[in-house]
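**Student:** As a plain string of letters, each chain reads:
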Amino acid sequence: MAYVPPRRVLILGIGNVLWADEGFGPRCIETLAARYAFPDHVKLLDGGTQGLYLLPFLEDADDLLIFDAVDYGLEPGTVKTLRDDDVPAFLGAKKMSLHQTGFQDVLATADLKGCRPERITLIGCQPAELEDYGGGLRPVVSERIGTVIDLAIAELAAWGVDAQAGQSNGADLADPSIRRDAYEAGRPSARTACRIGDDRFFPGAD
Amino acid sequence: MATTPNGFDLDTSGQRIVVDPVTRIEGHMRCEVNVDESGIIRNAVSTGTMWRGLEVILKGRDPRDAWAFTERICGVCTGTHALTSVRAVEDALGISIPDNANSIRNIMQLNLQVHDHIVHFYHLHALDWVNPVNALRADPKATSELQQAVSPNHPLSSPGYFRDVQNRLKKFVESGQLGLFKNGYWDNPAYLLPPEADLMATTHYLEALDLQKEVVKIHTIFGGKNPHPNWLVGGVPCPINVHSTGAVGAINMERLNMVSSIVDQCIAFVNNVYIPDVVAIGGFYRNWLYGGGLSGQAVLAYGDIPEHPNDFSAGQLHLPRGAIVNGNLNEVHDVDVRDPEQIQEFVDHSWYTYGEPGKGLHPWDGVTEPKYELGPNAKGTKTNIEALDEAAKYSWIKAPRWKGHAMEVGPLARYIVGYAKGHEDIKNQVNGLLRTMNLPVSALFSTLGRTAARALEAEYCARLQKHFFDKLVTNIRNGDESTANVEKWDPKTWPKEAMGVGMTEAPRGALGHWIKIKDGRIENYQCVVPTTWNGSPRDTAGNIGAFEASLMNTKMERPEEPVEILRTLHSFDPCLACSTHVMAPDGQELSTVKVR
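Chains as they are written, first to last, in the UniProt record's numbering: chain Z, 1 to 206; chain L, 1 to 596.
Watch out, some of these pointers could steer you wrong.
[As the list claims (entries may be wrong)] In silico BS3-like cross-links for lysine-lysine, where the CA-CA straight-line distance does not exceed 30 Å:
no., chain 1, residue 1, chain 2, residue 2
1, L, Lys496, L, Lys59
2, L, Lys141, Z, Lys113
3, L, Lys213, Z, Lys113
4, L, Lys217, Z, Lys43
5, L, Lys225, Z, Lys43
6, L, Lys371, L, Lys518
7, L, Lys518, L, Lys488
8, Z, Lys113, L, Lys171
9, L, Lys225, Z, Lys113
10, L, Lys427, L, Lys471
11, Z, Lys43, L, Lys496
12, L, Lys59, L, Lys492
13, L, Lys471, L, Lys59
14, L, Lys59, L, Lys371
15, Z, Lys113, L, Lys359
16, L, Lys170, Z, Lys113
[To be verified] Pulled from the structure, derived: some chain L residues nowhere near chain Z, Cβ distances all over 10 Å:
no., residue
17, Arg137
18, Val150
19, Ala190
20, Phe312
21, Asn330
22, Gly375
23, Gly422
24, Lys427
25, Gly479
26, Ser482
27, Asp490
28, Lys492
29, Pro495
30, Glu497
31, Glu560
None of these hints come from the bench; they were simulated from the model. Ideal Cβ positions, reconstructed from N, Cα and C, are used throughout, including at glycine.
The whole structure should be built from the sequences, with the hints applied where relevant.
**Tutor:** Structural data, given as structure tokens:
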């Protein structure tokens, strides 16, 4: 029987760790890497807000699993999974995010180039707070990471990916200084670090 | 009507047009203009709509980690911010880096410059000049002839090749969603290219994406990973080991050969595709010479790409340093980023406070204390602004000034400084381009000039990568494998208090980080980024900023379709999706259109 190479899977967390719940995606990758080991055909990536610069990674993926903070218009902390053609619309839903439109463009560009991953799943969490620059995840969001990881493992299992309890190579993950524990513990006090944002993105600020 | 100290006549009587946010830029930005009855812009107001206080979130952190935070500020200039940050810390602590580290950092910085310029032109800026929908009407054979005429050495030029791309494009557009190209103003008369040129440029957009796939590998090789490569105070975090297979991640001959090949691909693309496209597209827009703004009178560059490690003297920098003011190109002033009298930030028109009006602060003494309030003539509410009052505070961007002057920074500023200083490579490139296009030097001071300077700089930087690659390889051959100096890694070796500054030329322009360290921790950290210079609001004296100046006196074909505004703002390379509100003089909304 001819050798069939395994499908290349990219697990991607997008978002900006500096904007509170915007960091949900990268923090999921961090947690996944700390709890599971994956075979070589699976890549974990903290994509930050890199937009188009992430296209080369998409080109090398048959299946794409995305973690992101998504504005579904639901209660903060609500987790929702979307698949394939439903994904791009939600990636563009948020008016505040630095990267959302960017990533929607990335998927469209991948389409135009004929290299869009065949399967795309987005596991998103409704953020509670996006406007706290320098802040970490809000409890209502951070306590959903465990659920999201379980959903991811189930999705990956359905794709035929065998995740083992263990750890993944940290080479492509965030520098230790901005991983969640160090980042949140090292935050200056509210007196020295301003905690407000642009009023226009602040419902009820007026 | 009022005349600003920097010489612009502002007239706010005409129709007010609001573009918010400005699309295809990185970050959040809004622009408002007043146009007269013939559609000419007579007043321009540019505002940053996002609070970005990196400065305050770094307080109390380990200075050796600052690069990792600054790398996350922005989705584009990650490496440049990281480089600027490690330079600031090294400056403060008196850390000198080895020769190899200088070469590797330069290669990474030059590579980013080339990569960013290409992505900017094809992804963010091309749609201001190129109409991809019009490309569907092109004759592939005529496109092939055009390609061979503008760039005889480019192998991808057959009629069949262009027909394939056109079919792909057709399928994409016919799939119902125009995707990337939706919400453009594709029937606006501001688009001047024939369909064949549109098809050629759109095809090259796809080729640019193919190149990008290769280019980013340099960051993985030298920075250990991509995106978000690793940086190190004291050098670069990649060991060299050419004599054996070495540790995982060490630089060996195989990796160096890969770097060399990527550099060659960059050079070929810039020479065979990017520059010929700019010449060809520019030729059709040669009479559209709006957008000069401050470029003809006040430009600033810190300089970058030091030939030798730890030597930032102006004569040793490949990208030039200097300031030109009052339009006097015969005098290039040196720039001292440490001098408290030279660079100062003002906040009279920014949503911050220093406690007293009219005050300017040097970044080392910088204060980032927000104060959000709208002026008495603003329309709307604090959470839903319809029109800003530029006589009061109106932007989250501070107003940096050099000796009181509003300055333009970026590729065009660097090229004007270089040209004025007689920088040989820059002079030859600029003169060559002007000759080819049969344009006078004055044509440089324009939106098109800014776009052309970026292309020329990509060519120059692509070539310079080779210089530093050769230098690195020679050094390694001579037995020097050192890439980091960790003598002062331990905070016990640091003085109790220290201050430093890091400078780079980011793709968008002069970038500086100023740091104060106390008891081993960050006491103060201030970034003055290129878009702070270019996107600055008015200052105490009333000088308008570079974006604002660049929009003045531009004729809009259709005021409700801000093609010209986007074209000029994009030429500065600031990146998004947005809605545009067109306001009547009484602030009533005339129409709402989506901009992409």
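**Student:** Hint by hint, say whether it matches the structure.
**Tutor:** Results for each hint:
1. Restraint check for L/Lys496 and L/Lys59: the C-alpha separation of about 16 Å stays at or below 30 Å, so the hint holds.
2. Annotation: proposed proximity of L/Lys141 to Z/Lys113 holds, straight-line Cα distance about 22 Å (limit 30 Å).
3. Our distance criterion of 30 Å between C-alpha atoms is met by L/Lys213 and Z/Lys113, whose separation comes to about 13 Å.
4. For the hint linking L/Lys217 to Z/Lys43, the alpha-carbon distance of about 16 Å falls within 30 Å, and the restraint holds.
5. Between L/Lys225 and Z/Lys43, the direct Cα distance comes to roughly 13 Å. Compliance with the 30 Å bound is thereby established for this hinted pair.
6. Restraint check: the Cα-Cα separation between L/Lys371 and L/Lys518 comes to about 28 Å, which is no more than 30 Å; the hinted pair holds.
7. Between L/Lys518 and L/Lys488 the CA atoms are separated by roughly 15 Å; this keeps the pair inside 30 Å, and the hint holds.
8. A C-alpha spacing of about 11 Å is found between Z/Lys113 and L/Lys171, which places the hinted pair at or below 30 Å, so the restraint holds.
9. Between L/Lys225 and Z/Lys113 the CA atoms are separated by roughly 25 Å; this keeps the pair inside 30 Å, and the hint holds.
10. Proximity of L/Lys427 to L/Lys471 is assessed by CA-CA distance (about 25 Å); at most 30 Å being required, the pair is judged to hold.
11. Between Z/Lys43 and L/Lys496 the alpha-carbon distance is near 44 Å, which puts this suggested pair outside the 30 Å criterion.
12. Taking the CA atoms of L/Lys59 and L/Lys492, the gap is about 19 Å. The hint holds against a cut of 30 Å.
13. For the given pair, L/Lys471 sits about 38 Å from L/Lys59 by alpha-carbon distance, which is inconsistent with the 30 Å threshold.
14. Proximity of L/Lys59 to L/Lys371 is assessed by CA-CA distance (about 20 Å); at most 30 Å being required, the pair is judged to hold.
15. Restraint check for Z/Lys113 and L/Lys359: the C-alpha separation of about 52 Å exceeds 30 Å, so the hint is violated.
16. For the suggested pair L/Lys170 and Z/Lys113, the alpha carbons sit about 13 Å apart, so the restraint of at most 30 Å is met.
17. Every beta carbon of chain Z lies more than 10 Å from that of L/Arg137, the smallest distance being close to 18 Å; the non-interface claim holds.
18. Residue placement check: L/Val150 keeps its beta carbon more than 10 Å from all beta carbons of chain Z (closest about 23 Å).
19. At roughly 23 Å, the least C-beta separation between L/Ala190 and chain Z is larger than 10 Å, which holds for a residue marked as non-interface.
20. Every CB of chain Z is more than 10 Å from the CB of L/Phe312 (nearest about 26 Å), matching its label as outside the interface.
21. For L/Asn330, the shortest C-beta to C-beta distance to chain Z comes to about 41 Å, beyond the 10 Å cut-off, and the non-interface label holds.
22. For L/Gly375, the requirement that its beta carbon stay farther than 10 Å from each beta carbon of chain Z is met, with the minimum near 15 Å.
23. Remark: the non-interface label on L/Gly422 is consistent with the geometry, its nearest Cβ contact in chain Z lying 36 Å away (cut-off 10 Å).
24. Every Cβ of chain Z is farther than 10 Å from the Cβ of L/Lys427; the closest lies at roughly 33 Å, confirming the non-interface assignment.
25. The beta carbon of L/Gly479 sits about 29 Å from the closest Cβ of chain Z, which is more than 10 Å, so the claim that it is off the interface holds.
26. No Cβ of chain Z approaches the Cβ of L/Ser482 within 10 Å, the least distance being about 23 Å, so the stated non-interface status holds.
27. No beta-carbon of chain Z comes within 10 Å of the beta-carbon of L/Asp490; the shortest separation is about 17 Å.
28. Under the 10 Å C-beta cut-off, the non-interface status given to L/Lys492 relative to chain Z holds; the minimum distance is some 19 Å.
29. At roughly 22 Å, the least C-beta separation between L/Pro495 and chain Z is larger than 10 Å, which holds for a residue marked as non-interface.
30. A cut-off of 10 Å between C-beta atoms confirms that L/Glu497 is not in contact with chain Z; the least separation is 18 Å.
31. Look at L/Glu560: its CB is around 22 Å from the nearest CB on chain Z, clear of 10 Å, so calling it non-interface holds up.
Hint violations for this structure: numbers 11, 13, 15, all remaining hints satisfied.
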